[in-house]
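Kindly produce the complete structure, drawing on both the sequences and the hints.
The listed protein sequences correspond, in order, to chains L and P.
Residues in the first sequence are numbered consecutively from 1, following our numbering.
Residues in the second sequence are numbered consecutively from 1, following our numbering.
Read the hints as simulated data drawn from the structure, not as lab findings.
Don't take every hint at face value.
[Said to hold, decoys possible] Some chain P residues judged to face chain L by a derived CB distance under 8 Å, without partners named: (1) H104; (2) T111; (3) G112; (4) Q122; (5) S130; (6) R210; (7) L285.
[Claimed, not checked] Where chain P lies over chain L, by a calculated footprint (3+ residues, C-beta under 8 Å): (8) 31-37; (9) 257-270.
These numbers come from a predicted model, not from an experiment.
Note that the Cβ used here is the ideal one computed from N, Cα and C, for glycine as well.
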Amino acid sequence: MDTIYIERSVLSHPRALRICNRFPDARHITIERHSDLFNARSQDFRQQKKNPSLILAYKAGKRVHATPPGYHIGGQHNYYFSHMLNCIYDCRYCFLQGMYQSANHVVFVNSEDFMTDIRSTAGQHSADSWYFSGYDCDSLALDPVTQFVDDCLDHFSELPNAWLELRTKSTQIRPLLKRAALPNVVVAYSVSPQPIIAAEEHGTPSLAKRLDALGRLQAHGWKIGLRFDPLLHADNFNDLYGEMFDTVFRQLDMSAVHSVSLGVFRLPRGFHKRLVRLYPDARLLAAPIEQRGAMMSYPEATTDAMRSFCLARLKTAIRPEQLFPCS
Amino acid sequence: MPVLIPVTVTQFRYTDGMSLVCISTALAAESRPFIDALNLRHVHTRGIRLYAGDGFLLLQTGLGKLQAASAMAALLHSRPDVGAVLNAGVCGSAAEIGSVHLAHEVVDVATGRRWFPHLPPQRHAGQLPSCAVHTCDNVDISYRDGVLFDMEAAGIAMAASTYLSSDAIQYVKVVSDNSSATLAAFEPARASELMSACLPAVMTLCDWFRQNHLADDSARIIESCSRDILGKVRHSVSDTRQLQRLLQRHLSLAGRAPDISTLQRLGSARQVRARLQQAVQAITLRYEP
Ligand code: SF4
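As structure tokens, then:
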């Protein structure tokens, strides 16, 4: 980390101090509000992605949000929270590129407030409620710096009617392996065929490494989830995804997988437009994509064929109640 | 006071398609070291004082943020080939005279408006310290720690950020006065001497910028293909935009441009678009191990 911006209000917050001490050679710059910097106009996401800065900030206001419709894995009450904004990986399809002006990483150091809000939200429901981490970031990738997961798990261990999903592509699973598995936590990995990982998911662990991490988590007793999302179109789609499913089914105990979800590549229209402007040369964005409502995705026939192929393969390995196709 | 070492600048070769770097200074005395080191020549341009050389422009804006903003806006409006702006100049500070700093924040003191340049990695910035630059309408001699006082940076930020992104607008400031050596009178020779200390930092930033914005081959190919088609088939502005996107998609998917001579023979923009669309749809997209 080369440059760290620190909001004045968290200069003496223990987490901010710990993170700053981890990078003694970085430039340490005090700012008033992270939004002055993060939301400023005239930023070039693509350029910033080459050397992103870290912004340590205080998250005020609403910290726990209802998920958009369709974002769930069977629960009735679904929320997401973002203790971080942006990601160290660089997936060409990532919607964060369309959402944020800046590629800098924001870490909200007041994780205790997130936990208080999750507790109070969970307290409002008699039924189980779900909390999705990894909506605006990868849940584990920067954990060696943030050490958020440990804190978070401590709290969820005391909240039996609240479920946590950690969504990731990262193999930073040490904090999970060094403690007993919690029954109300699902560690969900995004999985893609290796040639797609190599071409479109820059900087992420390979399929083999993700499956190895999943296997170790499963062996340790953690509930695991598989997220085949986004499915990307290719003329050799069936070969690519067929081979991937064979590998996944061979390496994991599929009957014990908590949940599997599936979604074809789709982006809100405005985000898609921004991505094309940022990466006009991206092959993924050069494929036939059309507008359907407010979203951009492949033509309906292509989408249907992709979904049917994957559903047919998944049905050979999992029970219907394990499957949650995204709308 | 640090010893000021004379700098030799290796001659940079400007190649076609590469964007220009514009160095901006306020006064002639600040410009001189750059003009000499980069072999710049005066270019007669209405309303602004401009020098040009191989890969560089130097804009001498005059004193104060309004002059800086108006000169920079005029330049960037007329020269879309400028890809980066480096504002160099003397400043007041509590720091040591002759010390060189990057700006991590620029504040227009009169309005409170701020800009945050996206700083280059330290290895590309010669480990220069960074500071906030406060742009004042009048000379400020309060010499606070961690703050540099100048009179132009906010004007440059205001004008340039309309055209360029925050990584492409940087500020290099050299301290000319502090509480133990206040600004009694402006001495041009002294300002030139101090500005020489900025030269290595400015050159390093130029290198970083150019590495980051290596001329994009695909943009050049598309530009040339679309020029060839537009020369033969009439296109409106919106037709041209659609044409260029289709050319880009073809290039990304097939790894080559389409057959331009066939497209040039078509009678209208609509026909060109339909033919290109067909060609794009026929290209297979495969991910190979
Ligand atoms: S891992 Fe997720 S959050 Fe990170 S870049 Fe990829 S898609 Fe975006």
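How the hints compare with the structure:
Checking H104 (chain P) against chain L: minimum C-beta separation of about 5 Å stays under 8 Å; hint holds. The interface hint given for T111 (chain P) is broken, as the beta carbon of that residue sits about 14 Å from the closest beta carbon of chain L, more than 8 Å. Annotation: G112 (chain P) was flagged as interfacial toward chain L, and the flag is violated, the nearest CB pair being 11 Å apart, outside 8 Å. Below 8 Å, beta-carbon pairs count as interface contacts, and Q122 (chain P) has one with chain L at about 6 Å; its hint therefore holds.
At a threshold of 8 Å, the smallest CB-CB gap from S130 (chain P) to chain L is about 6 Å, leaving the interface hint in force. For R210 (chain P), the interface hint is violated, since its Cβ never comes within 8 Å of a Cβ in chain L; the closest pair sits about 13 Å apart. Against a cut-off of 8 Å between C-beta atoms, the interface hint on L285 (chain P) holds, since the closest Cβ of chain L lies about 5 Å away. Closer than 8 Å: that is the beta-carbon criterion, and the stretch 31-37 of chain L has 3 residues meeting it against chain P, so the requirement of 3 holds.
Coverage of the stretch 257-270 of chain L by chain P is violated in this model, with 0 residues showing a Cβ closer than 8 Å to a Cβ of that chain against a need of three.
Hints 2, 3, 6, 9, counting from the list given before, are not met by this structure.
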